[in-house]
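Here is what each chain is made of, one letter per residue.
4 protein chains.
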Amino acid sequence: MIIVMERNATKDDIQKVVQLLKEHDFKVLEHTGEIYTVINALGDKTALSAERVGSLAGVKEVKTIREPFRLASRDRKNEDTVVSFNNGVKIGGDNKPVFMVGPCSVDENFDGLLEVAYAAKDAGCEFLRGGAFKPRTSPYDFQGLEEDALKMMAKAREKTGLLLVTEVMDAQDLPMISDYVDLVQIGARNMQNFKLLKAIGKSNKPVLLKRGPSATIKEFLLAAEHILYNGNENVILCERGIRTFDDSYTRNTLDLSAIPIIKKLSHLPIIVDPSHATGQRYLIEPMSKAALISGANGLMIEVHYNPEIALSDGKQSLSTAMFKDMISRLMKLRNLIKYDNNTLSTDVE
Amino acid sequence: MIIVMERNATKDDIQKVVQLLKEHDFKVLEHTGEIYTVINALGDKTALSAERVGSLAGVKEVKTIREPFRLASRDRKNEDTVVSFNNGVKIGGDNKPVFMVGPCSVDENFDGLLEVAYAAKDAGCEFLRGGAFKPRTSPYDFQGLEEDALKMMAKAREKTGLLLVTEVMDAQDLPMISDYVDLVQIGARNMQNFKLLKAIGKSNKPVLLKRGPSATIKEFLLAAEHILYNGNENVILCERGIRTFDDSYTRNTLDLSAIPIIKKLSHLPIIVDPSHATGQRYLIEPMSKAALISGANGLMIEVHYNPEIALSDGKQSLSTAMFKDMISRLMKLRNLIKYDNNTLSTDVE
Amino acid sequence: MIIVMERNATKDDIQKVVQLLKEHDFKVLEHTGEIYTVINALGDKTALSAERVGSLAGVKEVKTIREPFRLASRDRKNEDTVVSFNNGVKIGGDNKPVFMVGPCSVDENFDGLLEVAYAAKDAGCEFLRGGAFKPRTSPYDFQGLEEDALKMMAKAREKTGLLLVTEVMDAQDLPMISDYVDLVQIGARNMQNFKLLKAIGKSNKPVLLKRGPSATIKEFLLAAEHILYNGNENVILCERGIRTFDDSYTRNTLDLSAIPIIKKLSHLPIIVDPSHATGQRYLIEPMSKAALISGANGLMIEVHYNPEIALSDGKQSLSTAMFKDMISRLMKLRNLIKYDNNTLSTDVE
Amino acid sequence: MIIVMERNATKDDIQKVVQLLKEHDFKVLEHTGEIYTVINALGDKTALSAERVGSLAGVKEVKTIREPFRLASRDRKNEDTVVSFNNGVKIGGDNKPVFMVGPCSVDENFDGLLEVAYAAKDAGCEFLRGGAFKPRTSPYDFQGLEEDALKMMAKAREKTGLLLVTEVMDAQDLPMISDYVDLVQIGARNMQNFKLLKAIGKSNKPVLLKRGPSATIKEFLLAAEHILYNGNENVILCERGIRTFDDSYTRNTLDLSAIPIIKKLSHLPIIVDPSHATGQRYLIEPMSKAALISGANGLMIEVHYNPEIALSDGKQSLSTAMFKDMISRLMKLRNLIKYDNNTLSTDVE
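These protein sequence lines are chains A, B, C and D, in that order. To convert, note that position 147 of the first sequence is 147 in the working numbering; the numbers rise steadily by one, no gaps. To convert, note that position 6 of the second sequence is 6 in the working numbering; the numbers rise steadily by one, no gaps. To convert, note that position 307 of the third sequence is 307 in the working numbering; the numbers rise steadily by one, no gaps. To convert, note that position 61 of the fourth sequence is 61 in the working numbering; the numbers rise steadily by one, no gaps.
In short, the hints are calculated from the structure, not lab data. Accuracy of the hints is not assured; some may be wrong.
[Unchecked claim] Not everything, but these chain D residues come out facing chain B in the computed CB check (under 8 Å):
1. Ile-2
2. Leu-42
3. Arg-66
4. Leu-333
5. Asn-335
[Unchecked claim] Not close to chain A: a few residues of chain C, all C-beta gaps over 12 Å, as computed:
6. His-24
7. Lys-27
8. Ser-73
9. Val-89
10. Leu-145
11. Pro-213
12. Phe-245
Backbone N, C-alpha and C define an ideal beta-carbon position, used for all residues, glycine too.
Please model the complete structure; the sequences and the hints are all you need to start from.
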């Protein structure tokens with residue numbers, strides 16, 4: 001921890017800071033420059049928070065040296081985390097990127113869901129995604145079929161062998177949802193729902209944690225830290241676009257540099273959701289390719305048997321036909337690339 | 001609803017849009033310009049969402065005319081909502097702005113809490129605020145004393161007669177918390193926790209809804225709409241700073257123009273939290289004054305008996321002594337101002 | 001300067017950093033923690049830039065302690081800068097806030113300009129503002145009457161005694177514009193036009209420097225530093241709204257906390273432009289009042305004799321009648337307030 | 001143009017809007033809904049600006065249908081613009097992406113510059129980039145060697161045959177700089193320096209226009225429109241990262257979806273600058289690959305013979321050795337990809 005004192009801090013102010021640090025077993029070194037006094041404190045930040053030090057009189061700024069996420073950091077664990085599923089699919093590390101495909105919301109047409117699931121399976125995808133509980137900005141919008149949707153998804157899994165992923169919105173629903181699906185998703189709006197993070201942390205269920213639209217990378221990894229801290233190591237991250245000043249042509253701005261940054265900072269796998277990031281059908285293919293080449297461990301793509309009647313996010317959903325056309329090109333790319341940890345990037349063979 | 005078709009939309013695309021609109025009883029008018037076709041649709045948006053129309057092939061953009069928040073809008077109810085408490089305190093409309101004062105987190109020192117409560121009471125403030133359940137970015141930070149904190153707050157109310165406000169983080173805790181406090185707060189990170197909004201909407205408890213740090217004014221009012229839609233009309237809004245590109249000197253950027261904007265759009269009362277907005281002690285007084293003059297219906301200010309040992313947000317908490325010094329000036333201003341609905345601003349008498 | 005080395009920095013990397021610092025007469029102190037090595041360097045940053053140090057191999061981060069703006073900082077000069085005009089008007093320090101009033105663009109109707117000027121003069125305002133050279137986002141919009149506009153403004157000054165302020169867009173135009181007006185404005189888009197800053201810095205003309213819509217406070221003060229560094233001390237700052245994620249109801253987000261922040265960091269005066277900040281007529285009065293109470297040294301307000309035919313920014317311009325109505329309330333407030341340097345805020349007497 | 005009137009707009013207000021539109025030869029259609037009146041106006045926006053209409057009393061909002069950039073839009077010209085250089089290099093359309101490589105600032109070591117130039121040439125790159133006039137946030141930083149730098153670059157061109165690109169900061173310097181280099185760059189901070197855009201527009205010099213760090217895509221294309229409008233069609237765009245709320249690990253956030261968006265909206269070529277976008281050496285390779293796969297027409301990469309003594313941006317500059325290592329992989333990718341206009345994306349062969 002490095003503490004910069006205010007220009008007009010008194011000797012007494014400085015003394016109090018030093019004392020507090022020493023009480024918490026920090027090794028303290030004080031340097032007085034022309035205008036500012038700087039205090040270096042070596043020790044364990046978890047014993048004394050930067051916030052507490054920052055509240056002392058005369059403290060201008062406290063800078064911590066180590067990243068605040070400990071368990072998520074490569075400082076603690078250098079080898080890549082790989083999340084394994086019971087059919088042998090693996091996410092993370094050297095494993096090839098996975099594809100998660102399906103409708104934003106599951107609606108009552110089971111045949112439609114199955115059509116998408118078979119298209120995904122036939123193309124070589126690994127997961128069927130589908131919304132059962134939907135967080136909606138407006139109370140007038142469709143809120144999801146809840147458990148009925150999960151039942152349909154489970155039937156689709158039976159027929160296709162695809163793994164299932166769906167969003168959980170509340171800690172209370174977690175046990176029920178976990179029974180149905182293979183991977184539980186925490187949506188962007190719930191990235192800092194700490195009750196939910198804690199509940200999932202206490203289970204052992206693989207979890208897909210989406211980045212909040214205005215979460216910094218640090219906050220994103222701290223949200224993952226809440227899960228890891230409670231004991232669950234099966235965490236997969238998902239970049240899905242951030243909120244910026246420009247939303248004329250897209251819903252969000254896809255932050256692809258987050259992938260190599262997170263690969264450098266953390267051992268956790270990270271996938272990309274180009275559908276929510278852009279909100280535009282025509283951008284899904286170019287951004288999927290860019291995500292794969294950036295080193296993403298997977299993609300999550302919205303596909304609906306008939307986007308024009310989809311109960312949510314139709315604008316950004318591909319139809320089954322569009323999907324079949326696109327996926328062949330994405331699979332070709334997936335087969336050609338190989339991730340290189342040294343360059344934090346993907347090479348075409 | 002106004003629908004702009006893509007440059008290359010086919011006649012068939014246009015026909016499909018028109019048909020869908022007509023099926024939902026919209027009156028449809030079609031205009032073909034040099035390059036684009038525009039379709040005007042008059043009717044009730046709740047019958048057919050803009051999103052659904054937007055997902056049709058060939059649709060470039062859908063623009064809705066009415067604000068998506070209906071119950072929160074002055075279009076529906078023009079007179080100001082006033083939230084009343086059983087000791088006669090009222091928030092909203094012509095009532096003078098209220099003050100909510102207290103520590104970010106309640107800690108184990110009851111005398112300290114009482115010291116702050118008496119200082120607030122003596123100065124003429126109406127509410128004691130205090131955190132019992134704390135949402136924390138890092139799992140290593142203090143998470144709150146939970147029910148023990150509420151018990152201490154209840155005792156402080158007994159002694160001082162102040163009303164109580166605290167944050168609820170999860171729908172499950174709502175009944176218990178509602179028993180203790182007069183006003184239940186939904187924190188900024190939970191502004192779009194729809195399960196929680198629904199649960200509070202189904203109660204009749206007065207609720208203080210904080211704006212998410214990256215929520216637009218539209219999303220903020222739509223979050224209030226979730227509560228109103230479920231039947232609870234006792235909604236008070238709170239502006240507490242938004243996330244922008246500049247956080248060198250403040251935690252967030254206080255958006256004071258949101259006050260007159262929301263007063264124009266909505267009948268709901270709105271207060272301001274300058275402590276969280278700025279994160280800096282020295283900015284609380286100037287921004288409190290600016291909020292009062294901007295027409296805020298109240299202020300929420302962090303005060304701790306000893307900010308240097310506060311378990312959260314010490315940096316932005318005033319000590320009891322600093323608070324006593326400042327509050328005299330704020331009360332003087334409160335006594336001089338009078339809100340004028342015509343100019344959406346406050347006059348000094 | 002504090003240098004944090006990468007986790008995997010070699011001894012040789014560290015040695016090179018230390019050597020470079022010593023070569024530039026820094027006093028160097030090295031601390032090795034469990035994971036990271038931190039180097040404290042005491043000395044004059046102008047001798048060796050943080051950027052240069054940051055480019056060395058193995059350096060994770062370089063943190064500077066002193067603010068990078070030197071001449072603009074209270075570290076260098078504590079007393080408030082006051083800019084004086086030849087008719088005795090003064091901006092900054094304890095002087096009462098000034099009002100700058102007039103049309104966004106000057107058009108060909110001289111009587112219209114005069115109508116506004118007289119309304120301003122009669123109400124007790126100090127400056128007539130008017131655009132002669134207009135920076136326009138689109139090439140299809142009106143670009144200004146250039147010198148003809150300045151001639152009209154000069155005539156209006158003759159008749160009313162108001163001081164004049166107008167924008168300069170290019171260093172080449174500076175001498176000509178300086179001949180006509182009392183205060184030269186650098187627009188938000190030109191805040192980092194360094195050629196222009198340098199040119200104005202080499203003159204002695206009072207200059208009004210507007211904050212760029214996405215400039216941090218640090219960058220804003222560094223832009224002022226360019227002017228001060230070249231010798232011109234007559235710098236007045238202007239907050240005019242920043243670009244954020246929410247532009248549904250306003251053009252920009254007015255950042256009022258920037259006023260007390262800048263008053264704490266710098267000795268330069270700062271005014272507020274609520275017209276450009278909000279882009280909405282109805283927000284000008286509430287935000288003007290909030291700016292005055294926040295300690296602004298003045299206001300710049302758009303007024304046009306007929307906003308419905310204004311050649312730019314009509315939407316945010318007040319008509320003469322609206323202005324006359326509003327200004328009486330603003331003047332009443334101006335007469336009641338007094339700025340207090342200790343609380344960085346304004347008291348109502 | 002679509003005009004939405006305020007809820008409380010009078011018949012007279014509506015009449016005035018209709019009249020103004022008719023005076024400018026718009027075809028007008030008026031629709032009165034339950035709450036709002038909407039006016040459709042078909043005609044040429046350049047005859048009457050949306051801004052002017054928006055300033056009329058009672059107007060809530062004006063929505064334009066066509067993009068405000070006309071000449072830059074595919075509405076006007078559908079085939080891709082290709083900018084050609086006298087040695088046969090072409091940028092845009094089906095041509096393979098080009099590489100622009102070199103130091104942020106040219107310093108006094110000509111041999112160093114030559115080292116970089118030869119490395120670029122040998123790898124198959126097309127351009128040598130180098131800064132002669134440097135816009136610097138702080139006046140204490142190096143401002144460039146000006147014409148001396150251009151002379152060195154010209155010598156390097158003589159020896160290597162590489163084309164030259166450098167930044168121009170002021171209209172006055174344009175003729176001199178144009179004499180030296182093949183491609184003139186307008187920097188991000190000058191994207192809305194309209195005097196400079198106009199000056200370059202009046203020449204025929206190929207120009208590389210960088211996106212401002214907080215410019216929307218619309219503003220970016222409108223800046224290009226200023227150049228096109230003045231007659232110069234040789235415009236190449238450059239995405240170089242935008243300013244967002246998260247700058248902990250990067251200088252800016254690279255907005256790669258801007259590439260397919262701009263390819264859809266406009267016929268102009270667009271390249272990417274991963275060095276300025278990220279500000280981090282280790283992110284240049286992954287983001288270069290992602291840019292190539294996203295369909296960029298080229299890359300601009302900072303390389304310095306010794307980044308540790310670079311006079312600017314050393315942190316983000318690659319050394320010659322790092323560059324040689326990376327470029328082989330980028331060239332391999334360049335040879336494998338082919339852009340497909342239908343999918344707005346790049347296929348690996």
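Worksheet item: Would the hint on D/Leu-42 stand, with a C-beta cut-off of 8 Å toward chain B?
Response: holds, 5 Å
Item to complete: Could you check that no beta carbon of chain A comes within 12 Å of the beta carbon of C/Leu-145?
Response: holds, 32 Å
Worksheet entry | Least C-beta distance from C/Val-89 to chain A larger than 12 Å | holds, 32 Å
Worksheet item: How about D/Arg-66: closest beta carbon in chain B under 8 Å, or not?
Response: With Cβ-Cβ at 6 Å, under 8 Å, it holds.
Worksheet item: Is C/Lys-27 truly not at the interface, in the sense that its beta carbon sits beyond 12 Å from all beta carbons of chain A?
Response: violated, 8 Å
Fill in: Closest C-beta approach of D/Asn-335 to chain B relative to 8 Å, hint status
Status violated, d = 33 Å.
Fill in: Exclusion check [C/Phe-245 not at the chain A interface, CB over 12 Å]
At roughly 5 Å from the nearest Cβ of chain A, C/Phe-245 sits no farther out than 12 Å, so the non-interface label is violated.
Fill in: Exclusion check [C/Pro-213 not at the chain A interface, CB over 12 Å]
violated, 9 Å
Discussion item. So, as I understand it, the hint says D/Ile-2 touches chain B; can you test that by seeing if any CB pair is closer than 8 Å?
Written reply: Nearest chain B Cβ about 6 Å off; hint holds.
Worksheet item: Just checking, C/His-24 versus chain A, shortest CB gap more than 12 Å?
Response: holds, 15 Å
Worksheet item: Going by Cβ atoms, does C/Ser-73 stay more than 12 Å from chain A at every point?
Response: violated, 10 Å
Worksheet item: Quick one, is the D/Leu-333 hint okay against chain B at 8 Å, beta carbons?
Response: With a closest approach of 32 Å, the D/Leu-333 hint is violated.
Checked against the numbered hints above, the structure violates hints 4, 5, 7, 8, 11, 12; every other hint is satisfied.
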